[in-house]
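The primary structure of each chain is shown beneath.
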Amino acid sequence: MQTMDMFSNILSSFIEPTQLSQFINFKVTFLSIIIESLPFLLLSVFVSSLIHQFINAETIYKLLPKRKIYGIIPACFFGILLPVCDCGTVPIARSLVVKGVPLYLVIPFMFSAPIINPVTVLATHYAFTPHVSMVYLRLGMAFFIACFTGWMISLLFGESKELNRHTQFYAECSCTCADNIESSNFFLKLRNTLYGACDEFFSMGKYLILGAMIGALVQNFVPRSSLLGVGQNNILSILSMMLFGFGISVCSSADAFIASSFATSFTSGSLVAFMAFGPMIDVKNTLMLLSAFKFRFVSLLIIITIGFCITGAVLINIVSGGKII
Amino acid sequence: MNRQLHFHIHSLIKSLVLLSSFNLIRVLLSAEQLSLYIHPRFTFFTEVADYLLLILALAEFSRVVSISNVPVNSLHQHSHGHDLNGGYILFVATLFFAMVFPNSTLDATQVSNRGLNTRITPNTATIENLPRPLAEELKTPKGIVVTDLKYTEIMSELNQFPDDYIGKEVNMTGFVFRSPGQSSNQISLVRYVITCCTADALPYGILCETASAKQYPDGTWLEIQGVVQKGKYDNEPVGMIKLSSIKKITEPMHPYVFPYETPE
Numbered sequence: 001m002q003t004m005d006m007f008s009n010i011l012s013s014f015i016e017p018t019q020l021s022q023f024i025n026f027k028v029t030f031l032s033i034i035i036e037s038l039p040f041l042l043l044s045v046f047v048s049s050l051i052h053q054f055i056n057a058e059t060i061y062k063l064l065p066k067r068k069i070y071g072i073i074p075a076c077f078f079g080i081l082l083p084v085c086d087c088g089t090v091p092i093a094r095s096l097v098v099k100g101v102p103l104y105l106v107i108p109f110m111f112s113a114p115i116i117n118p119v120t121v122l123a124t125h126y127a128f129t130p131h132v133s134m135v136y137l138r139l140g141m142a143f144f145i146a147c148f149t150g151w152m153i154s155l156l157f158g159e160s161k162e163l164n165r166h167t168q169f170y171a172e173c174s175c176t177c178a179d180n181i182e183s184s185n186f187f188l189k190l191r192n193t194l195y196g197a198c199d200e201f202f203s204m205g206k207y208l209i210l211g212a213m214i215g216a217l218v219q220n221f222v223p224r225s226s227l228l229g230v231g232q233n234n235i236l237s238i239l240s241m242m243l244f245g246f247g248i249s250v251c252s253s254a255d256a257f258i259a260s261s262f263a264t265s266f267t268s269g270s271l272v273a274f275m276a277f278g279p280m281i282d283v284k285n286t287l288m289l290l291s292a293f294k295f296r297f298v299s300l301l302i303i304i305t306i307g308f309c310i311t312g313a314v315l316i317n318i319v320s321g322g323k324i325i
Numbered sequence: 001m002n003r004q005l006h007f008h009i010h011s012l013i014k015s016l017v018l019l020s021s022f023n024l025i026r027v028l029l030s031a032e033q034l035s036l037y038i039h040p041r042f043t044f045f046t047e048v049a050d051y052l053l054l055i056l057a058l059a060e061f062s063r064v065v066s067i068s069n070v071p072v073n074s075l076h077q078h079s080h081g082h083d084l085n086g087g088y089i090l091f092v093a094t095l096f097f098a099m100v101f102p103n104s105t106l107d108a109t110q111v112s113n114r115g116l117n118t119r120i121t122p123n124t125a126t127i128e129n130l131p132r133p134l135a136e137e138l139k140t141p142k143g144i145v146v147t148d149l150k151y152t153e154i155m156s157e158l159n160q161f162p163d164d165y166i167g168k169e170v171n172m173t174g175f176v177f178r179s180p181g182q183s184s185n186q187i188s189l190v191r192y193v194i195t196c197c198t199a200d201a202l203p204y205g206i207l208c209e210t211a212s213a214k215q216y217p218d219g220t221w222l223e224i225q226g227v228v229q230k231g232k233y234d235n236e237p238v239g240m241i242k243l244s245s246i247k248k249i250t251e252p253m254h255p256y257v258f259p260y261e262t263p264e
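Residue numbers (the numbering used here), protein chains in the order written: chain A, 1 to 325; chain B, 1 to 264.
Hint data in this document are derived by calculation from the structure and do not stem from the laboratory. All residues carry an ideal CB built from backbone N, CA and C; glycine is no exception. Any given hint could turn out to be false.
If you anchor each label on the Cβ, the simulated ranges turn out as follows [said to hold, decoys possible]: (1) F61/B - Q19/A: 32 to 42 Å; (2) V27/B - I55/A: 35 to 45 Å; (3) K214/B - L290/A: 21 to 31 Å; (4) W151/A - I55/B: 34 to 44 Å; (5) Y136/A - V65/B: 50 to 60 Å; (6) F96/B - E58/A: 19 to 29 Å; (7) Q19/A - V27/B: 23 to 33 Å; (8) V222/A - K214/B: 52 to 62 Å; (9) V64/B - F54/A: 20 to 30 Å; (10) K247/B - L315/A: 17 to 27 Å; (11) P237/B - V119/A: 28 to 38 Å; (12) T311/A - I9/B: 29 to 39 Å; (13) Q232/A - P237/B: 18 to 28 Å; (14) V27/B - V319/A: 51 to 61 Å.
Required output: the full structure, derived from the provided sequences and hints.
As structure tokens, this is what we get:
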């Protein structure tokens, strides 16, 4: 601790106090995002590695419905079983795709899981206490976007996996790269699970760090009051809240409180858009998605999601008159 | 066939990074500074995650040296090395950043960045204002002592239903912040409320009035005593505290307020 004090003393002789305090604010927010996401990231790299080692493709094929497109709606509910934050869903999604689950089932799961879980529902309920309708609108919006995005993906990409070159390689190399023998020995599988989790921790972790960095910059240098000017505009409020949700990268179980702090000045559609879009697509998970899937797929996915999110939010604004009901 | 010893520098770096991350969180935990970053309800998860980091560090360390009969497939090694090269620097920089700079609290400049509750949401319900679980308790003739545990609820009550509390004595702690448009004898007393991590901190406070307001710059921590009154701010009627006693204090050990913390 003494070295810390010494260092900050040296630092403060070079930098002006206001800049130093900005810097410290940045550090606190940056590190807090990482520390908070760490358990979720670790959980998901372990789950993903376990799937990779212990579940074979045939088992998954047997579990999938015969007419696969019918699986989209159940896939949206699957998230209840695995309550992870949005920073945790990408590695799991990647392993599921590698194992042969089609993208149009994996993406709906990935989109709905951070929103549908009990913690997020409870937090949203607390944040908007007298207006329970916001909880239903958020859940409804999440299902709407997840289902329709899944359907669009099935039309556009079919059974294609859209993995990028690196992940393609990872998929073909069934050996977790530690040894070249696929083993049926339980302890070897366990050891390979650890190795796999470790590799994935590093390949996903760097995107988490980058995303947290951008999020912390936005938090510190974009005053929220600068958003207020567009609050009651039907379309602009939606667009700016979605952009805001994309940028700040906060946890899906906390964003409802931020949304509620805008409640008097923003349209209800834009608040729901913020709470549905942010957990699905933000800086962190876009970077993670790009590390696993083809660029073309990720960009189309984002465009489709934006489209459905705006559509849903505009409908909410028309029905509610922009007010929170 | 001769046996070959392979040394994997990437595994060594990875295991050192994991070990340092484990250590960083251990230090934060033992210095009780983790609550500067995350809500205490996540402490347990972070502790578990920390041991997972240690397990991963050990697993990775066991990969540093390997013995094989055949030369290791070069394609294999190559592609993974490449993927990770760019990544290490981010991990190392983050660890350096975390260890060298002091663990500190968000300062008062962030209040205007994030928007104070009394300014941005004058009328909206935030945390549990209906069914107002505290209304009965606060109506008793005793004064109101604002505790960390009930901070957000009491602030909502005072800001949204000030009529119910006029003339009541209030004791509270917070730091000074001035919103644009406040008159020279007004300050706000503020705390950051944290739901998950410091990135989602929302400033919650109440307007205070005192003739000596000028003596307290933004960010000064105060312990105050005063009486609830009705005042006007931005042409909206608001609850405010007319201060009778003010004591400067150093920043408390736990500066943030964590709602829904179960009492221990």
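Cross-check of the supplied hints:
1. F61/B - Q19/A: 32 to 42 Å: holds (40 Å)
2. V27/B - I55/A: 35 to 45 Å: Between V27/B and I55/A, where Cβ atoms are some 38 Å apart, the hint holds.
3. K214/B - L290/A: 21 to 31 Å: violated (53 Å)
4. W151/A - I55/B: 34 to 44 Å: 41 Å Cβ-Cβ, so the 34 to 44 Å window holds.
5. Y136/A - V65/B: 50 to 60 Å: holds (58 Å)
6. F96/B - E58/A: 19 to 29 Å: violated (47 Å)
7. Q19/A - V27/B: 23 to 33 Å: holds (27 Å)
8. V222/A - K214/B: 52 to 62 Å: Cβ of V222/A to Cβ of K214/B: about 31 Å, so the range 52 to 62 Å is violated.
9. V64/B - F54/A: 20 to 30 Å: holds (26 Å)
10. K247/B - L315/A: 17 to 27 Å: Since the Cβ atoms of K247/B and L315/A sit about 54 Å apart, the hinted range of 17 to 27 Å is violated.
11. P237/B - V119/A: 28 to 38 Å: holds (37 Å)
12. T311/A - I9/B: 29 to 39 Å: violated (51 Å)
13. Q232/A - P237/B: 18 to 28 Å: holds (23 Å)
14. V27/B - V319/A: 51 to 61 Å: Given range 51 to 61 Å: holds, Cβ gap about 52 Å.
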